[in-house]
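Peer 1: Just so you know, the protein sequences line up as chains Z and P, in that order. If you use the numbering used here, the first sequence closes out at 332, no skipped numbers anywhere. If you use the numbering used here, the second sequence closes out at 341, no skipped numbers anywhere.
Warning: the hint list may mix true and false statements.
As the list claims (entries may be wrong) - The calculated lysine to any residue pairs, modelled on SDA-like cross-linking and capped at a C-alpha distance of 20 Å, are:
hint	chain 1	residue 1	chain 2	residue 2
1	P	K282	Z	L59
2	Z	K120	P	L275
3	P	K237	Z	R178
4	Z	K138	P	L275
5	P	K282	Z	S93
6	Z	K80	P	E226
7	Z	K61	P	G225
8	Z	K139	P	T5
9	Z	K120	P	G233
10	Z	K61	P	K282
11	Z	K114	P	V216
12	Z	K138	P	V169
13	Z	K114	P	K282
14	Z	K80	P	G225
15	Z	K114	P	N280
Stated by the list, open to error - Chain P stretches covered by chain Z per the calculated footprint, using a threshold of three residues with CB under 8 Å from any CB of chain Z:
hint	region
16	225-237
17	269-283
As the list claims (entries may be wrong) - Here are some, though not all, of the chain Z residues that point toward chain P, as calculated from beta-carbon distances under 8 Å:
hint	residue
18	R54
19	A57
20	L59
21	Y69
22	V76
23	E77
24	E79
25	W81
26	L84
27	E88
28	N94
29	M95
30	Y106
31	L113
32	Q208
For the record, the hints were derived by calculation from the structure and aren't laboratory data. We put the beta carbon where it would ideally sit given N, CA and C, even for glycine.
The primary structure of each chain is shown beneath.
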Amino acid sequence: MREQYTFIKMDQLVLGYSPTENNILFKNINLCLKGGQLVCFMGSNGIGKSTLIRTLAGLQKPVSGKISYPEKEPGVEIEKWVSLVLTERITVSNMTVYELVSFGRYPYLFWDLKLSAEDKKIIGEAIISTGIGSIINKKVDELSDGQMQLALIARALAQNTPVLLLDEPTAHLDLNNRVEIMRLLRNVARTMNKAILVATHELDLALQTADVLWLASSQKSIEVGIPEDLVLNGTLHKIFDLKGFDLKTGKINHEPFRKTEINLIGNGDELIWTKNALDREGYSIDKNASTTVELIHNEKKMGWLITTPIFTKQANSIQELLDKLSTSIELS
Amino acid sequence: MRKSTSNSLLILGLFLVLLFLLNISTGSVNISISEIIASLLGYSKDSIGSQIVWDFRLPKAATCILAGAGLGAGGLMMQTFFRNPLAGPDVLGLSSGASLMVAITILAQSALPFWASGINQWAVAIASSGGASLVFFIVIAAAQKLKDNSSLLIIGMMVAAFASSLVSVMQFLSKAEDLQAFMIWTLGSAGATSWREIQIMTVIVFIGLAISSICVKALNSWFMGEQYSKSIGVNIKRARFWIVFSTCLMVGSITAFCGPIAFVGLAVPHLVKLLIPTNNHKILLPAVSLGGSILLLACDTLAQLPGSTQILPLNAVTSFIGAPVLIWVVLRNKRKFLNSR
Chain Z
1 MREQYTFIKM
11 DQLVLGYSPT
21 ENNILFKNIN
31 LCLKGGQLVC
41 FMGSNGIGKS
51 TLIRTLAGLQ
61 KPVSGKISYP
71 EKEPGVEIEK
81 WVSLVLTERI
91 TVSNMTVYEL
101 VSFGRYPYLF
111 WDLKLSAEDK
121 KIIGEAIIST
131 GIGSIINKKV
141 DELSDGQMQL
151 ALIARALAQN
161 TPVLLLDEPT
171 AHLDLNNRVE
181 IMRLLRNVAR
191 TMNKAILVAT
201 HELDLALQTA
211 DVLWLASSQK
221 SIEVGIPEDL
231 VLNGTLHKIF
241 DLKGFDLKTG
251 KINHEPFRKT
261 EINLIGNGDE
271 LIWTKNALDR
281 EGYSIDKNAS
291 TTVELIHNEK
301 KMGWLITTPI
311 FTKQANSIQE
321 LLDKLSTSIE
331 LS
Chain P
1 MRKSTSNSLL
11 ILGLFLVLLF
21 LLNISTGSVN
31 ISISEIIASL
41 LGYSKDSIGS
51 QIVWDFRLPK
61 AATCILAGAG
71 LGAGGLMMQT
81 FFRNPLAGPD
91 VLGLSSGASL
101 MVAITILAQS
111 ALPFWASGIN
121 QWAVAIASSG
131 GASLVFFIVI
141 AAAQKLKDNS
151 SLLIIGMMVA
161 AFASSLVSVM
171 QFLSKAEDLQ
181 AFMIWTLGSA
191 GATSWREIQI
201 MTVIVFIGLA
211 ISSICVKALN
221 SWFMGEQYSK
231 SIGVNIKRAR
241 FWIVFSTCLM
251 VGSITAFCGP
261 IAFVGLAVPH
271 LVKLLIPTNN
281 HKILLPAVSL
291 GGSILLLACD
301 TLAQLPGSTQ
311 ILPLNAVTSF
321 IGAPVLIWVV
331 LRNKRKFLNS
341 R
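This is chain Z alone, in the form it adopts within the complex (with noise of 0.2 Å):
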């Protein structure tokens, strides 16, 4: 197995905003954060994922506690060692996607601002990393959400730190623009062996691309594990009070709302899509059922058969399948 360095230790860590019990959010919290891990946050809103955030980065202090690097070198500055993507919205006018990512250099520059043939470099591998290559000459004010997030995880990757933590970067995203910041977090902490905390919502994004995940459980304390043991032992269901969305198969639950069972028969794609749409329109899948829905692959076309007792018919849609067996119920 591969080393793993602790980044940020945190020793009996009390977060909040005074030390009296109804202002403190987290309680004796011992985790640290290892390179090559992608950790996902979770909790609700106001919980205290930012401050723990904010703490970690050394921008507030805990209430009592104990926060290390402990490969750290003494005397290197914390901004060289843990970066920021933060929830505050950044307005400017007049501003590149190139100069903001240069803003990553900054703990390394003097009051001249010059960069280095070595900055260059450094910000030229962010943009590539983050593929934001074609609109760095772009003005920051003309960006879109999800672009406006991979030009601010660049500027942090820039700043080329060991640790880099991210609070709610997948907020106001779309499906896509999750799943591409997702992903790319997950290969910047593999392949640059960096450690990388986010904070985030996403739930199914968290399960899928986290190695280990941490929950702020209503009392005061973080619960750690892989996603897997989780959600098998229960924690994440009994954290989140889950309502209707199967963990286990990560999909939400439907309930069989109809008396007709189905059995399905297929394979591929094409039998995972048809069972969705069955669990939705509230059939229950059953191999012993009268009526069969069969999945025909022709040369170019899909088709489903379906087959009752009385009659045989063709449909050439997943539409046109759920039109026809719900006229044939009726009809039965």
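Given the coordinates of chain Z, work out where chain P should sit on it, guided by the hints.
Peer 2: Frame of chain Z, contents of chain P only:
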């Protein structure tokens, strides 16, 4: 991009030289260009024209250049600092603070006889800087508490209103000749400075600009907010102090020697950003300094009403140019705001 930026700076520099020459060649006395050049080069030392150029026009032009540079840079720093395009020393009550202290110095001399011995240009200058500093530290203390731009502006304006009310009470109670001296000070003038004062102003403006250029890193990252700036190693507390200090130093001393010159600090950063669209203060600071000098030289040239013996007060001219610019900026921002929705 880099090339066009340095070109723009070059154009600004050329403009400055041109306006400098235009400024010193106009005035109530007609002096031919050849005579001006001759006296500048020191060929006709004894002529009246040479005296006028060396004792009146050159000091005035130099004052315009220094004051314009300082006010432009101060205005830019304040707009960045408060992340507010309409911020400026006037809005925050710096000038009102200066006015109050100058009013006390000039107007109270009849009320307090023992005070009168010290009244001269220097007393006015010191009072003005002190007043401006006082107001600024009030505003800054509020800034650290509030972290909300609009409430801070309200505080600045209220401090200004408070100072103005005290000034008006003093005006009401003072003698006519003191009142006139004070009124003339408030109208702003670049023509009342001696070479000795220009030396002092040069030193102060250069110190101010030097401090501001050390703050470039902080000023550039200011738009990202405190958390981000800290996370890239900007010492916010120290930057806050130095930005305020240098603005205060420059604006306070300029107000001391030239009176409260309105609008230059407000309008110039916007005009310069139109010419050079960037947020990089490493470029913006020298550009607004040049721009401020140019605008003030231009205003002063207009204030002399070329071809006549009349002189308009400087503030009338700067506001005459500044106010329409400001209205235009607001309209432009509104359009931008609506577009981004």
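Peer 1: Would you mind marking each hint as holding or not holding in the structure?
Peer 2: Cross-check of the supplied hints:
no.	hint	in the structure
1	K282/P x L59/Z	27 Å, violated
2	K120/Z x L275/P	27 Å, violated
3	K237/P x R178/Z	36 Å, violated
4	K138/Z x L275/P	18 Å, holds
5	K282/P x S93/Z	16 Å, holds
6	K80/Z x E226/P	17 Å, holds
7	K61/Z x G225/P	19 Å, holds
8	K139/Z x T5/P	17 Å, holds
9	K120/Z x G233/P	19 Å, holds
10	K61/Z x K282/P	33 Å, violated
11	K114/Z x V216/P	12 Å, holds
12	K138/Z x V169/P	55 Å, violated
13	K114/Z x K282/P	10 Å, holds
14	K80/Z x G225/P	19 Å, holds
15	K114/Z x N280/P	12 Å, holds
16	225-237	holds (count 8)
17	269-283	holds (count 6)
18	R54	7 Å, holds
19	A57	6 Å, holds
20	L59	5 Å, holds
21	Y69	15 Å, violated
22	V76	11 Å, violated
23	E77	6 Å, holds
24	E79	4 Å, holds
25	W81	11 Å, violated
26	L84	5 Å, holds
27	E88	5 Å, holds
28	N94	4 Å, holds
29	M95	5 Å, holds
30	Y106	4 Å, holds
31	L113	6 Å, holds
32	Q208	29 Å, violated
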